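Participant: Sequences are here, hints too, so could you generate the full structure?
Number of protein chains: 4
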Amino acid sequence: MIPRYSRPEMVSIWEPQTRFKIWFEIEAHACDALAEIGVIPKESAKNIWEKAGNVTFNVDRIDEIERVTKHDVIAFLTHLGEFIGPDSRFVHQGMTSSDVLDTCLNVQLTRAADILLADIDGLLAAIERRAFEHKLTPCIGRSHGIHAEPVTFGLKMAEAHAEFSRAKKRLLAAREEVATCAISGAVGTFANIDPRVEEHVAAKMGLKPEPVSTQVIPRDRHAMFFATLGVIASSVERLAIEIRHLQRTEVLEAEEFFSEGQKGSSAMPHKRNPVLTENLTGLARLVRGMALPAMENVALWHERDISHSSVERMIGPDATVTLDFALARLTGVIDKLLVYPNNMQKNLDLLGGLVHSQRVLLALTQKGASREDAYRFVQRNAMPVWRGEGDFLALLKKDPDVSKLMTDAELEEKFDLGYHLKHVDTIFRRVFGRA
Amino acid sequence: MIPRYSRPEMVSIWEPQTRFKIWFEIEAHACDALAEIGVIPKESAKNIWEKAGNVTFNVDRIDEIERVTKHDVIAFLTHLGEFIGPDSRFVHQGMTSSDVLDTCLNVQLTRAADILLADIDGLLAAIERRAFEHKLTPCIGRSHGIHAEPVTFGLKMAEAHAEFSRAKKRLLAAREEVATCAISGAVGTFANIDPRVEEHVAAKMGLKPEPVSTQVIPRDRHAMFFATLGVIASSVERLAIEIRHLQRTEVLEAEEFFSEGQKGSSAMPHKRNPVLTENLTGLARLVRGMALPAMENVALWHERDISHSSVERMIGPDATVTLDFALARLTGVIDKLLVYPNNMQKNLDLLGGLVHSQRVLLALTQKGASREDAYRFVQRNAMPVWRGEGDFLALLKKDPDVSKLMTDAELEEKFDLGYHLKHVDTIFRRVFGRA
Amino acid sequence: MIPRYSRPEMVSIWEPQTRFKIWFEIEAHACDALAEIGVIPKESAKNIWEKAGNVTFNVDRIDEIERVTKHDVIAFLTHLGEFIGPDSRFVHQGMTSSDVLDTCLNVQLTRAADILLADIDGLLAAIERRAFEHKLTPCIGRSHGIHAEPVTFGLKMAEAHAEFSRAKKRLLAAREEVATCAISGAVGTFANIDPRVEEHVAAKMGLKPEPVSTQVIPRDRHAMFFATLGVIASSVERLAIEIRHLQRTEVLEAEEFFSEGQKGSSAMPHKRNPVLTENLTGLARLVRGMALPAMENVALWHERDISHSSVERMIGPDATVTLDFALARLTGVIDKLLVYPNNMQKNLDLLGGLVHSQRVLLALTQKGASREDAYRFVQRNAMPVWRGEGDFLALLKKDPDVSKLMTDAELEEKFDLGYHLKHVDTIFRRVFGRA
Amino acid sequence: MIPRYSRPEMVSIWEPQTRFKIWFEIEAHACDALAEIGVIPKESAKNIWEKAGNVTFNVDRIDEIERVTKHDVIAFLTHLGEFIGPDSRFVHQGMTSSDVLDTCLNVQLTRAADILLADIDGLLAAIERRAFEHKLTPCIGRSHGIHAEPVTFGLKMAEAHAEFSRAKKRLLAAREEVATCAISGAVGTFANIDPRVEEHVAAKMGLKPEPVSTQVIPRDRHAMFFATLGVIASSVERLAIEIRHLQRTEVLEAEEFFSEGQKGSSAMPHKRNPVLTENLTGLARLVRGMALPAMENVALWHERDISHSSVERMIGPDATVTLDFALARLTGVIDKLLVYPNNMQKNLDLLGGLVHSQRVLLALTQKGASREDAYRFVQRNAMPVWRGEGDFLALLKKDPDVSKLMTDAELEEKFDLGYHLKHVDTIFRRVFGRA
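Protein chains in written order, with UniProt numbering: chain A, 1 to 435; chain B, 1 to 435; chain C, 1 to 435; chain D, 1 to 435.
If you're looking for bench data, these hints aren't it; they were derived computationally from the structure. Predicted, not measured: the structure shown is a model, and the values here were computed from it. Take the hints with a grain of salt, since some may be wrong.
No copy labels: a pair is met if it fits in one copy or bridges any two.
[Unchecked claim] Straight-line alpha carbon distances no greater than 25 angstroms define the calculated SDA-like cross-link-like pairs of lysine to any residue that follow:
(1) Lys51 <-> Met205
(2) Lys42 <-> Gly368
(3) Lys367 <-> Asp194
(4) Lys46 <-> Glu389
(5) Lys336 <-> Arg67
(6) Lys21 <-> Gly390
(7) Lys404 <-> Met205
(8) Lys168 <-> Lys414
(9) Lys135 <-> Lys168
(10) Lys168 <-> Pro86
(11) Lys168 <-> Ala179
(12) Lys46 <-> Arg67
(13) Lys367 <-> Asp114
(14) Lys414 <-> Ala75
(15) Lys42 <-> Glu25
(16) Lys169 <-> Leu207
(17) Lys70 <-> Thr137
(18) Lys346 <-> Glu389
(19) Lys46 <-> Arg175
(20) Lys21 <-> Ser370
(21) Lys42 <-> Asp399
(22) Lys208 <-> His423
(23) Lys51 <-> Lys414
(24) Lys422 <-> Pro41
(25) Lys208 <-> Ala173
(26) Lys135 <-> Asp391
(27) Lys70 <-> Asp87
(28) Lys397 <-> Val339
(29) Lys367 <-> Glu36
Facilitator: This is the structure:
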């Protein structure tokens with residue numbers, strides 16, 4: 001997590017003050033439940049909220065205590081006691097540090113997921129707007145980087161929309177994976193704390209009780225969460241690379257917006273580089289790479305070890321902050337993307353009609369040629385055009401094997417661009433529910 | 001995929017004959033739909049099924065043709081033509097290779113998912129049986145590898161059951177991710193093939209139409225699939241490592257079943273090694289490592305490139321075959337696991353009562369000691385016991401600060417094992433719906 | 001490891017027969033050393049070579065024995081005994097399975113490394129030939145996919161040559177990492193086997209004695225080996241992606257060789273796709289992904305566990321076979337690459353002289369303009385050219401701020417292509433030792 | 001990079017002030033060379049050092065400029081100009097941003113490598129000290145977590161020493177990989193900057209000239225660097241896991257040092273947990289996970305794209321800072337490790353002599369039994385001992401098949417511990433050059 005690739009709202013989730021606030025809420029809600037079932041005095045539970053419910057914790061002071069105790073939750077509880085006074089002895093009754101730490105982490109991850117979900121919604125809106133704007137803007141479709149057949153720029157956006165709709169669905173599932181709360185005490189047996197406390201805290205913190213915890217909340221949940229972020233980051237990369245390709249000098253069908261003061265290169269002032277999408281490519285590599293350590297975190301020893309902690313201290317903030325930044329940056333790129341329909345048309349015309357070869361091939365078979373013959377007829381006329389030696393339609397008209405099967409008019413009909421766009425509405429309806 | 005770690009049912013999904021069979025079905029169903037909408041003669045569609053519906057394809061012959069054409073689908077279609085005769089010109093009309101390849105891959109992945117789901121069901125059944133068998137078999141719970149407080153072996157199984165129930169849910173979602181069919185032609189525009197063909201083939205092959213494909217089915221779906229397998233493999237590793245720990249010479253609370261002819265070591269004949277679970281640890285590393293290449297596959301260029309193909313040819317079989325084998329092996333391990341309650345009790349008694357320290361700590365605070373004082377009283381008596389110098393209960397009884405607050409009888413009550421097991425039923429009901 | 005991406009020489013290293021042959025050699029050399037130091041009869045050692053030195057082992061028979069013993073080395077030794085007779089009791093004296101398995105693996109990996117080193121030599125030769133062929137073939141250099149300044153195709157090859165020279169150096173180091181032999185007995189103490197046996201076997205098998213083994217050869221060596229393959233695979237990817245870019249329809253500066261019978265697409269017969277380099281991109285992902293499991297293999301428990309074994313059974317063959325295939329394929333691609341100097345020139349001319357902007361910028365500062373002013377003058381003339389509105393040289397001549405500092409002749413001199421190529425020889429001498 | 005797992009010296013390498021200082025030095029040295037070859041006035045080059053050689057750069061001011069220019073090097077140069085005045089127009093002549101950025105990164109990485117090398121030296125010293133301290137402290141060697149045969153604690157340390165000696169050698173190679181300098185201008189052709197400038201800057205910054213750069217220094221070098229850190233981190237994990245195992249309650253052969261104020265658990269005050277080595281396990285996962293993004297960085301497009309930058313901004317500091325912290329922490333753990341020879345002896349005795357089974361097996365074969373018979377005799381006496389039903393030596397003496405071959409005295413000799421330690425000195429001499 002570095003400032004350059006961070007946005008404040010997501011960063012704030014991971015700040016010490018936020019963490020201590022969540023710790024306090026977990027402890028105080030637990031006290032309420034303990035009071036309700038008669039383990040501690042109701043007055044004390046009330047007092048805890050009153051004395052510490054609105055304080056700003058002194059992060060430096062807590063760090064100072066931790067340097068002695070070498071235990072972060074004990075340090076916090078000691079500091080909390082400074083606000084609460086004698087009633088502090090009722091705080092954390094029967095609980096273990098993991099109850100606080102793991103429940104807090106899941107609160108943070110669900111909040112992070114909520115921001116990411118909003119990010120995706122914003123991205124989907126931008127994509128949808130550009131999709132309809134360019135629903136029928138024709139451009140060449142490419143397989144293997146080679147011109148294939150016509151598509152539209154709107155279809156490219158539709159694909160992205162469908163992909164990020166899936167991303168959203170996956171993220172909702174990932175959020176649900178980590179939206180659990182454990183207040184089950186040492187080794188998770190509830191020996192020293194009633195399960196009703198967990199139920200109360202879970203409800204108050206917007207979580208569900210973890211069915212069975214072993215002091216810790218099981219880490220397969222978190223592995224799934226971070227793996228999902230990795231897949232979403234890979235979709236960010238896909239759209240980013242599409243734009244990088246479209247912005248290539250020789251292609252130039254679209255460009256990232258270029259602001260006034262911006263300088264493309266310290267040496268070559270004419271350059272307008274797709275630096276935002278290149279940056280997104282790198283950020284995707286980072287987020288993806290964090291899935292593996294998260295998966296290695298699953299196999300903790302026996303009822304728990306703490307090897308997961310250092311990993312999560314780093315990838316918890318890093319993966320969510322980086323993906324948040326990436327989604328927001330991608331939204332801006334799509335929103336302001338400069339699209340050049342004229343250049344799209346120029347590229348469509350580049351191959352002298354070769355992109356219609358398949359239609360001719362099909363027509364020939366329908367006229368009775370075998371698939372192998374039709375393929376041969378088409379290919380022998382396509383190859384010279386590919387080398388820049390002639391026009392595809394003209395050559396076909398002159399080919400006696402072709403002429404035997406198709407008239408010139410029939411051949412001409414096969415070169416109509418509109419033919420390729422007749423199902424764009426079908427696809428739009430599938431993706432957007434409207435066309 | 002190597003024979004040693006493979007099971008035949010899963011392997012057969014990935015055999016050439018299976019693949020060609022699926023290819024044929026896709027093509028033949030497409031012909032039915034094309035005939036239904038009048039593009040090709042109904043008689044021809046019928047003839048295709050009749051001539052080739054029950055044949056065994058000649059894999060060597062197809063390979064031979066591919067060596068010339070350097071194109072696998074064309075090679076197959078050529079071979080298919082040898083069965084079908086002139087009607088073969090109606091096969092593959094308006095389709096592109098990816099329609100066949102991608103739909104086939106998704107058929108294979110959904111079939112693989114079905115086997116894996118059955119594997120998980122089998123594993124869950126074995127875990128559940130052992131969980132109830134040992135619901136109240138006490139053993140020490142360990143955090144950081146250090147004795148903490150009592151749990152039961154049934155609780156360990158309950159945790160595993162909850163974890164693999166989540167694995168099942170994730171796998172169902174992953175299966176749904178890849179259960180799509182694309183028959184959309186070159187660059188996915190349906191220019192040369194009616195969308196109704198896709199709908200028909202999808203229904204027949206047990207899939208849903210891909211809302212928008214770009215010649216290929218988008219690879220974020222597959223990335224999610226393989227990432228999910230990686231997470232499940234990590235859960236396999238977790239349970240495997242638990243067993244490896246329990247089988248350590250000094251712990252010996254459980255052992256993998258040891259068959260009669262088996263030799264543990266070429267040098268040390270007394271050895272009984274947890275080789276199955278060690279093997280599972282390695283297999284988990286392999287499956288997990290395949291998630292990354294799958295994520296890198298997402299960002300194909302423009303409407304498609306074929307870089308994903310070599311990755312999928314390897315990880316498609318490898319990840320599913322390896323995970324299938326691992327789940328089955330783990331099921332066998334759990335099913336036949338030798339559990340040693342006597343050793344569990346011996347280990348429980350190892351620390352001279354220290355595992356009850358928290359209960360004493362809590363009791364002291366409830367009697368009016370501050371948390372800090374109680375912690376100090378307990379720790380100063382615990383440390384000598386830890387060093388093997390005395391019995392915890394005896395020392396506590398002699399500590400004047402403790403005696404001031406608790407009678408001997410009150411102290412003794414805190415050393416009751418049953419106290420820790422009182423919520424086992426609660427947890428079992430959460431996990432299994434019964435106790 | 002799948003046939004499609006395999007070459008026989010590398011595959012043969014990993015075949016059971018090869019493995020058993022190496023096992024035999026290790027055992028027989030050990031017997032020689034044991035005989036030399038008087039532990040077993042010299043006649044027996046000689047007899048072992050004579051009876052089994054030239055046999056073909058029966059792989060099925062060994063598998064059959066293993067199904068009973070569940071131990072591969074014991075199964076092999078039993079089978080070996082069938083050839084040798086009573087003297088077989090002297091085989092494997094004081095040794096442990098790992099002595100055989102680990103030393104064998106390292107023999108296989110060093111042989112694999114030797115093939116890979118030869119592959120790299122072949123690739124370097126192909127690259128060098130093409131580099132000199134096109135040393136002065138000018139083409140546009142691109143940063144961010146955007147035209148920057150002129151380079152030559154030979155320089156692109158020189159970069160690749162330097163990169164694969166580094167790959168070779170790394171591979172030599174990786175080979176040295178795994179070229180060790182351990183014959184140290186159970187837990188590696190040499191309690192039952194004299195260290196002189198290890199020295200003898202190491203020398204005979206072309207390895208060095210492992211300074212300290214713990215029954216197993218430490219796996220950091222293998223992690224380094226596979227990590228190195230991952231880095232080399234990434235260099236394969238880099239060159240593959242360069243070619244994919246150059247083959248794009250709009251760029252078309254180079255093409256993979258296209259054989260006569262080859263079909264680019266089942267639907268679009270004109271297509272010539274960079275399928276080999278796309279394939280290489282995927283293979284790179286696979287090899288790279290194997291570095292992680294190899295690193296996870298390092299932390300074996302205590303003196304050894306066997307979790308590394310399943311990983312190595314898979315990635316040992318897979319990583320070496322795949323990289324061997326990839327290097328060979330890349331060599332073929334480079335060797336036969338169709339290079340189009342005319343298209344390179346066409347692309348160089350595409351931007352109406354903008355690629356010379358930096359030279360103008362520098363000249364302006366040398367004439368006394370501040371860097372900021374010079375940048376501004378250049379950029380305001382570059383932007384219209386970028387939009388296709390005018391010629392860069394013409395606009396500069398008309399700019400009064402520019403005219404104040406530079407004459408038309410001075411401006412024209414800045415548009416000379418040769419200027420950019422004056423240090424090509426310098427670079428070639430650095431890379432190839434000649435120019 | 002988070003404060004908790006960071007040490008100031010390594011952190012300072014990555015601070016903005018350090019970076020700007022290095023940028024300045026690169027620029028100023030380049031000016032010296034440019035002056036030397038007559039491109040800019042010598043007086044100006046001198047002036048640049050005088051005006052800015054000792055300044056503290058205003059990081060906030062540079063950030064402020066970058067927010068407008070969106071280009072970090074231009075922002076720095078603008079700020080630099082504020083110190084230098086008119087001569088600033090001679091700075092960065094013919095250079096491109098990457099010349100500064102990439103050379104700076106490599107200076108930072110070599111400095112980081114130097115710290116890591118010193119870390120490893122410190123670790124090796126600690127390991128060596130403990131190795132000789134416990135050269136002959138016997139403990140049980142374990143394979144598969146199961147007691148095998150005796151080793152010594154010193155041998156465990158010797159293995160770690162050999163492993164980190166390899167780590168040092170690898171790190172030296174990795175340092176050499178990234179110790180290069182590129183001052184080659186746009187697209188790396190030296191068109192606007194003489195190669196002698198590069199040579200001068202390289203020499204002054206302690207680097208070698210990059211033989212061929214393409215505006216950027218090729219990223220295979222950095223991939224190798226980070227992959228090497230990943231392998232070293234895996235060795236950290238190995239030693240950490242060894243200690244975690246030894247500290248298990250049932251094993252307790254060693255313990256991390258436990259300071260006075262430290263609290264092991266908020267709930268269980270007696271607990272002494274291996275939290276440092278658990279933490280190291282997690283840190284290893286993190287460093288290892290960064291190897292993949294670094295490898296993905298290799299395949300930049302054409303002469304360069306900037307996707308590597310965001311990755312390096314994160315993993316550059318994160319990997320080096322984390323590994324530095326981990327190595328230092330591990331050194332402290334080893335240095336202060338509490339070693340319990342009495343417990344080691346207790347564990348050695350745990351199996352009633354079974355650990356000597358192999359010696360008996362060998363002796364039986366040497367007395368004439370076939371390997372299969374000997375194995376059977378030993379195993380049938382070992383199994384009851386394993387179940388706790390008897391003493392191994394006593395049972396062997398009573399076995400008639402054994403008695404036929406060995407006298408009681410001969411059997412007793414096989415139970416001598418010293419037998420296993422006779423080659424410890426040999427191994428120590430191999431590892432440490434002394435014994």
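Participant: Against this structure, judge whether each hint is valid.
Facilitator: Here is how each hint holds up against the structure:
1. Lys51 <-> Met205: within (20 angstroms within a copy, 58 angstroms between copies)
2. Lys42 <-> Gly368: between (90 angstroms within a copy, 17 angstroms between copies)
3. Lys367 <-> Asp194: between (80 angstroms within a copy, 19 angstroms between copies)
4. Lys46 <-> Glu389: This pair counts as neither: shortest intra-copy Cα distance 88 angstroms, inter-copy 44 angstroms.
5. Lys336 <-> Arg67: For Lys336 and Arg67, only the inter-copy Cα distance (19 angstroms) is at most 25 angstroms; the intra-copy one is 50 angstroms.
6. Lys21 <-> Gly390: Neither way: Lys21 and Gly390 sit 74 angstroms apart in one copy and 42 angstroms across, limit 25 angstroms.
7. Lys404 <-> Met205: Result: close neither inside a copy nor across copies, 77 angstroms intra and 40 angstroms inter.
8. Lys168 <-> Lys414: Neither way: Lys168 and Lys414 sit 40 angstroms apart in one copy and 50 angstroms across, limit 25 angstroms.
9. Lys135 <-> Lys168: within (23 angstroms within a copy, 40 angstroms between copies)
10. Lys168 <-> Pro86: neither (48 angstroms within a copy, 48 angstroms between copies)
11. Lys168 <-> Ala179: Answer is both: 16 angstroms inside a copy and 18 angstroms across each meet the 25 angstroms cutoff.
12. Lys46 <-> Arg67: neither (31 angstroms within a copy, 49 angstroms between copies)
13. Lys367 <-> Asp114: neither (58 angstroms within a copy, 44 angstroms between copies)
14. Lys414 <-> Ala75: neither (77 angstroms within a copy, 27 angstroms between copies)
15. Lys42 <-> Glu25: within (16 angstroms within a copy, 67 angstroms between copies)
16. Lys169 <-> Leu207: So Lys169 and Leu207 pass the 25 angstroms test inside a copy (19 angstroms) and across (19 angstroms) alike.
17. Lys70 <-> Thr137: This pair counts as neither: shortest intra-copy Cα distance 63 angstroms, inter-copy 32 angstroms.
18. Lys346 <-> Glu389: Result: close both inside a copy and across copies, 19 angstroms intra and 17 angstroms inter.
19. Lys46 <-> Arg175: neither (32 angstroms within a copy, 49 angstroms between copies)
20. Lys21 <-> Ser370: For Lys21 and Ser370, the Cα distance is within 25 angstroms only across copies (23 angstroms; inside one copy 75 angstroms).
21. Lys42 <-> Asp399: neither (96 angstroms within a copy, 32 angstroms between copies)
22. Lys208 <-> His423: Only across copies: Lys208 and His423 sit 18 angstroms apart there, 45 angstroms inside one copy, limit 25 angstroms.
23. Lys51 <-> Lys414: neither (80 angstroms within a copy, 33 angstroms between copies)
24. Lys422 <-> Pro41: between (73 angstroms within a copy, 24 angstroms between copies)
25. Lys208 <-> Ala173: Classified as both: same-chain Cα gap 14 angstroms, cross-chain 20 angstroms, threshold 25 angstroms.
26. Lys135 <-> Asp391: neither (29 angstroms within a copy, 34 angstroms between copies)
27. Lys70 <-> Asp87: The answer is within: 24 angstroms in one copy meets 25 angstroms, while 55 angstroms across copies does not.
28. Lys397 <-> Val339: neither (36 angstroms within a copy, 32 angstroms between copies)
29. Lys367 <-> Glu36: between (84 angstroms within a copy, 20 angstroms between copies)
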